[in-house]
Each structure stands twice: as C-alpha cells, then as structure tokens.
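Participant: Protein sequence lines, in the order shown, are assigned to chains A and B.
Residue numbers for the first sequence follow my numbering, beginning at 1 and rising by one.
Residue numbers for the second sequence follow my numbering, beginning at 1001 and rising by one.
Don't read these hints as lab results, they were simulated from the structure.
Misleading hints may appear alongside valid ones.
[What the hints assert, rightly or not] Derived lysine to aspartate or glutamate pairs resembling DMTMM-like cross-links, with alpha carbons at most 25 Å apart:
#1 B:Lys1143 <-> A:Glu211
#2 A:Lys151 <-> A:Asp135
#3 B:Lys1134 <-> A:Asp135
#4 B:Lys1143 <-> A:Glu218
#5 B:Lys1064 <-> B:Asp1018
#6 B:Lys1134 <-> A:Asp173
#7 A:Lys151 <-> B:Glu1197
#8 B:Lys1007 <-> B:Glu1136
#9 B:Lys1129 <-> A:Glu165
#10 A:Lys84 <-> B:Asp1083
#11 B:Lys1143 <-> A:Asp173
#12 B:Lys1007 <-> B:Asp1153
Just so you know, these numbers come straight off a predicted model, no measurement behind them.
Chain by chain, the residues run as shown.
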Amino acid sequence: MNVNVSTNVLAACKPWTRIEIAARAARDIPEGYYVNLGIGIPVLVADHIPADREVVIQSENGVLGMGPAPAPDRINPWLINAGKQYVTLVAGGSYMHHADSFALIRGGHLDLCVLGAFQVAENGDLANWATSAKDTTPAVGGAMDLAAGAKKIWVLMEHTTKSGESRLKRRCDYPLTAPGVVKRVYTNLAVLDISEEGFLVRELAPGLTLEALQEVTEAPLRMAN
Amino acid sequence: MINKIVKTLAEAMAGIRDGSVILLGGFGSIGLPYALVDGLIEQGAKDLTVVANNAGVGRTGLAKLLDANRVRKIICSYPRTSDPVAFLEAYRAGRIELEVMPQGTMAERMRAAGAGIPAFYTPTSVGTKLAEGKEERAFAGRKYVLEEALYGDVALIEAWEADRWGNLTYQSSARNFNPVMATAAKLTVAQAQHIVELGALDPEQVPTPGIFVDRVLHVPYGEPAVT
Chain A
1 MNVNVSTNVL AACKPWTRIE IAARAARDIP EGYYVNLGIG IPVLVADHIP ADREVVIQSE
61 NGVLGMGPAP APDRINPWLI NAGKQYVTLV AGGSYMHHAD SFALIRGGHL DLCVLGAFQV
121 AENGDLANWA TSAKDTTPAV GGAMDLAAGA KKIWVLMEHT TKSGESRLKR RCDYPLTAPG
181 VVKRVYTNLA VLDISEEGFL VRELAPGLTL EALQEVTEAP LRMAN
Chain B
1001 MINKIVKTLA EAMAGIRDGS VILLGGFGSI GLPYALVDGL IEQGAKDLTV VANNAGVGRT
1061 GLAKLLDANR VRKIICSYPR TSDPVAFLEA YRAGRIELEV MPQGTMAERM RAAGAGIPAF
1121 YTPTSVGTKL AEGKEERAFA GRKYVLEEAL YGDVALIEAW EADRWGNLTY QSSARNFNPV
1181 MATAAKLTVA QAQHIVELGA LDPEQVPTPG IFVDRVLHVP YGEPAVT
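Please model the entire structure based on the sequences and the hints provided.
Facilitator: This is the structure:
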C-alpha cells in the first residue's frame, strides 16, 4: 500500500490500495461500454470488471477487444498494449492501423477513457503528460487524443504526491493535456465528481471524514447531495 | 510483369538520398522493420528526419541509426520508451532535434498526406502548449487546431505476408503505423516475413493494397525481440 497522506489524516482511515482504486472504478463501468485504459493504475481496471459484464477494451496501438496478459507459454509476441506489455485478444476482438485507432479515439466512439494523472483541477483540467513547461523531452503519446476524444474521462491516481502535495488542484500548475475534460476522480482516499461547482465527494475511504480529506486537498470539497 | 520483390538490402535501399524524411513503422519494437534500418545504415544516407512513434529502444533499430549519427531530427509522440539511451545521448549532445506531437495527430497527418488532404482541423491539443502558434478555428462551438499533412520521402515498414504486386498483410498489433506510412511516402519499402503467390491473399483481407508499395524484401526472421 502506498501511503501518501499526512499521519493525522491517515491515523483515522484506511486508504484504498492501487488495486482497490482500480476495482472501485471497475464496478462503475456499465455493460456494453467501449473503454480505453491508460497506463498506471488504469490498466489494473481490466482485471476487476465483473465477469458477467461485457466491456470492450481498446488499446491505442490498434487493438479493440483487448484481453488479459497471456500465460507464459501462450504469448503472441506480436500482440502488445500501449504500455508495450504482452496481452491477448478476446473473441470478437479486432486489429486496426494507427490512423483508424485514433479516428476511433478522436471521433467520440469511446464511451470512457480511464487515465492516470499528475494533477486534476476543480474545473476538470487534466495534466498528465509533462511535469514542467521546460521539460525538453516530454512524452505525450496518445494522452491528448484520448482526453479530447472520449465521451467521458475518469482519472485514477494517488490523492497526493509522495511529498504530500495535493493532486486535486484549484488550477493545474503542470502543462495541460486538455482543459475541462475530467468528469470523475478515484483516489486512494475518495471518489469525487467534477461539477460546475468543483469537486463533489461521492465516497470516502473507510474511516475518513470530509474535514480530514480537505486537510490534504488543495481544492475546496463538498459532499455530493 | 510487375515484380516489386527485390533480392537484396542494397536494392531495397537504392536511391535514398541525404536529407530524406523517413517514415519508420512500428510501436516500440513491434512492427519495426529492423532489417531495413540496418540496410539504411549500410546504404549511408545521412541528415535524415525520422518520423516514428518512439525514439528508439536500446542499441538496435532506430537507436542504431542514431548511434551511427545519421539522424538530424526525430518527429515522434513518445521519446521515452523503457530504454531510450541512444536518443538521450544524441539529444543531450545536441546532435539531434526533437519534435513531439500527439500520437493521433501524427497518424492523421500521414493519413492526410496519403489521401491528398494538405491540412485538417483536430480537437487534439486545443488549450495546451502543443497548440501554441497554430491556427485555431471553431466549428459548432468547439475549438480545433489546424494541422498539416506529413509527407515522407521514404517509408520503411514491416509486413507479415507480401506478393509480387506489393499487397501486404500484417500480424496482430504489428500493423500499427505501417499501413498509414505506406500511403504517405514517395518510396515505400516493406520487409515481409512471408512471400506468397499472386492471388494467394484473400482480397477481402488486404490492409495495404500494392499500389502503395514500391519494393518488398523477404526477411523471414521469425519472432520479434522481447519488448
């Protein structure tokens, strides 16, 4: 378990692990959704979608209907995901070239994209590709296409940095991936929606209070409802 | 008789000039035409601009071309692969220029080039530093940036099967940028694991029709290196 919150807040609660964050988000993905999962905590979501629910996972490198990692003796060495790990193709899956893959992404055909992030702002701004405007070799990959193109963007991330700074911001100070796109955030401490009025807390980690969460969160928080 | 199959790497690389824009297929090491890159190093063309998703892994493929000091500029979406040693060395030494763009924009710019579209508007990168200085226009209330077609002098791609007309198939996710790049260059050279008789490919399953391909080299190397 990665513990990033100040001790007084932590003492009172049991933060979710990375796997629990992924599992919590997976429960909210409806049957029939077409979904892209970013690298980091988001790829773990695939392992936690309920078995009775059909969700189709896309990988930006031209895979629609991505399945779990193969058994060591069943690897297809030509089949990788965006994180360049070996994966499988489910029955009904298909391959396409990069321009079609990103047409699918940019064209609004994905119901949902689940991404990792460095920072999310209360206006839905997403920063997940560079940590400084002076970064000379930033690696954008498909992040901006996904952020601009999917119908819904959810972010899965630790609530704070390793040094305890809030990743939920009034405004992002890292370079933006896209403005105003994030609809929901799942962290190790809470599940939050982003509304016209900013962050709305939908769920708190076991034992955590709104006041304690606010202590480690830069952006103002309100309970939903 | 049309026969695009060449016998040697030297024939495959013939005529590639200094200063060329090279479109290089692959995503990481999957679908990257390693044999053709070796041939390009042997052929000797320099001051190249390379368009590829990544900036090379380890010391082989594109990284080897960088180490040979043949590349002036890299255009890519993700220069940070697991092991971009050759790129970082060349970049820090000031030997190469880097242009980073969103992956989908890169793919679409090449599709546009191959399809006779000089420029297009895209929602990707609006409101970010990658859109700075670019023409912006609103359609139906949403903002888009203008991106121009990205043309190659040469495309080096990897296929699974090929026939003598240059019809190509691909293997799983090794398809990636290869079919798009094949359409966007003046000279497209493919390496293929299998050469099949004309008429053997199912015409319903030909992702790259031969009109986009100029030369095919048979390179039956087996399985790709571990990613």
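Participant: Against each hint, give a clear statement of whether it holds in the structure.
Facilitator: Verification of the hints:
{"no.": "1", "hint": "B:Lys1143 <-> A:Glu211", "in the structure": "39 Å, violated"}
{"no.": "2", "hint": "A:Lys151 <-> A:Asp135", "in the structure": "29 Å, violated"}
{"no.": "3", "hint": "B:Lys1134 <-> A:Asp135", "in the structure": "20 Å, holds"}
{"no.": "4", "hint": "B:Lys1143 <-> A:Glu218", "in the structure": "30 Å, violated"}
{"no.": "5", "hint": "B:Lys1064 <-> B:Asp1018", "in the structure": "17 Å, holds"}
{"no.": "6", "hint": "B:Lys1134 <-> A:Asp173", "in the structure": "22 Å, holds"}
{"no.": "7", "hint": "A:Lys151 <-> B:Glu1197", "in the structure": "45 Å, violated"}
{"no.": "8", "hint": "B:Lys1007 <-> B:Glu1136", "in the structure": "49 Å, violated"}
{"no.": "9", "hint": "B:Lys1129 <-> A:Glu165", "in the structure": "24 Å, holds"}
{"no.": "10", "hint": "A:Lys84 <-> B:Asp1083", "in the structure": "12 Å, holds"}
{"no.": "11", "hint": "B:Lys1143 <-> A:Asp173", "in the structure": "22 Å, holds"}
{"no.": "12", "hint": "B:Lys1007 <-> B:Asp1153", "in the structure": "22 Å, holds"}
This entry does not satisfy hints 1, 2, 4, 7 and 8, going by the numbered hints stated previously.
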